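Take the given structure of chain F and dock chain W to it, following the hints.
Listed in order, the protein sequences are those of chains F and W. According to the numbering used here, the residues represented by the first sequence are 1 to 244, in order. According to the numbering used here, the residues represented by the second sequence are 1001 to 1244, in order.
It is worth saying that the hints were derived from the structure and are not from the lab. Since this is a predicted model, take the numbers as computed values, not measurements.
If you anchor each label on the Cβ, the simulated ranges turn out as follows:
id	chain 1	residue 1	chain 2	residue 2	range
1	W	Pro1066	F	Glu149	21 to 31 angstroms
2	F	Lys79	W	Glu1157	25 to 35 angstroms
3	F	His120	W	Met1122	54 to 64 angstroms
4	F	Arg76	W	Pro1066	26 to 36 angstroms
5	F	Ser103	W	Gly1104	18 to 28 angstroms
6	F	Lys56	W	Lys1189	48 to 58 angstroms
7	F	Asp69	W	Ile1124	33 to 43 angstroms
Every residue gets a Cβ at the ideal spot worked out from N, C-alpha and C, and that includes glycine.
Number of protein chains: 2
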Amino acid sequence: MPTEALKKLKTAESEKISHLDYFNIAISVDCVIFGFEKKELKILLIKSDLAEFANKWSLLGDFIKPAEDLDSAPYRVLKQRTGLNDVFLQQVGSFGTINRHPSGRVITTAYYSLINIKHHQMKITDNEVHWHMIETIKELAFDHKQIMEACLKRLREQVVDEPVIFNLLPEKFSLRELQDLYQAILGIKLDRRNFRKKIAMKNWLDDIDEMEDDVPHRPGKLYKLKTDLKNNKPLKSSVKKAKV
Amino acid sequence: MPTEALKKLKTAESEKISHLDYFNIAISVDCVIFGFEKKELKILLIKSDLAEFANKWSLLGDFIKPAEDLDSAPYRVLKQRTGLNDVFLQQVGSFGTINRHPSGRVITTAYYSLINIKHHQMKITDNEVHWHMIETIKELAFDHKQIMEACLKRLREQVVDEPVIFNLLPEKFSLRELQDLYQAILGIKLDRRNFRKKIAMKNWLDDIDEMEDDVPHRPGKLYKLKTDLKNNKPLKSSVKKAKV
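Only chain F is shown next, with the shape it has when bound in the complex (with noise of 0.2 angstroms):
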């Protein structure tokens, strides 16, 4: 064997070695499951079953198991909680600083839903799961307040550019209720006229003429987002067009 090789090979033995001491880490899955109700959006929460953090709220997560991908506990998680398969869910970031964890060194990657409160398959059974408005969450146990935050961010970049806001809205909707979701996502006042002129543009939706009833106000025409843009999976971005 030539000399080189057999340095690589040395090399890489002693690091398997070394590199045990470094096998000591647990990961998590944090999930910010944004639902949309009555004007205002929504997260679910669990309240923490760690003494340390008693009667603190939670986001809602699991260590991943050694057999599983990462990518795949937080579907494990939102099913499990849920009741929901097939949710729209995006991987955010992950969160490691040294203390966050009181049971020893665990990172977190953090993941964000959007789901349809009214979804006939939801089932939450846990009497310590809530949906929370965002507005009225001061504080979360751990660093889940951190990771809300910037999974919102996320979420506000996102509805902007990409259809995937429709997956906190019943299948069919009026543009009411889509100007009042960005609305409470975005966090500021949509001129009704300008609103409805850039939605068009997009060419996002189908007019599936139908009107809304037993609404308190004149009922306003239904749509559905077009079936080609129909994707619960993480959609997958194409690179933007050069705008430079």
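Same frame as chain F, but now just chain W:
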């Protein structure tokens, strides 16, 4: 002590024990370090030191240390490998399929970095570290090709909206160089007049009233990035204005 609080404490205790099974993962960081030279976009690679990947190139990375924040590790790697401090670095995502690393369960967090290849403090001492033209890279060790592509995608998205591209250029540059760089990153040819109009609209540059010298073409004006936009640290991009 109230029963409820006691129950919580007990749950926390038992969880701590069962969770020990999970503390057996290692975390690494991998850096996709972009540079620009002779009209080509390049990345810095190192010969893999693992026998499994003998003679393959890999990203520059390392395991995170027990007393090191996740987001500090890539700065350490950059400093060790290039001599550079204060580089532009941004977290892109974490990669964690079960069998991605031959030494055990290793999840890696990827960062992209933009550096000026001609930086006077740049010092690459390791013989196994080299710049490679992106276009020529067919294969890398581990899942590093996939990681490189995710970072390239992020780079392409960001250079359009945020003034990050200037981290790849010397302090003074011509619009011709800037256009060459955009073309190398986006992989498309841009119209010269249109490009200059769009760049002017962004209001990123100061005309410093100097001309190129020693160039094989008609000397162009030199520009600098506006001082208030200079920021080698990861840009905290503000939430996008609501363009809806």
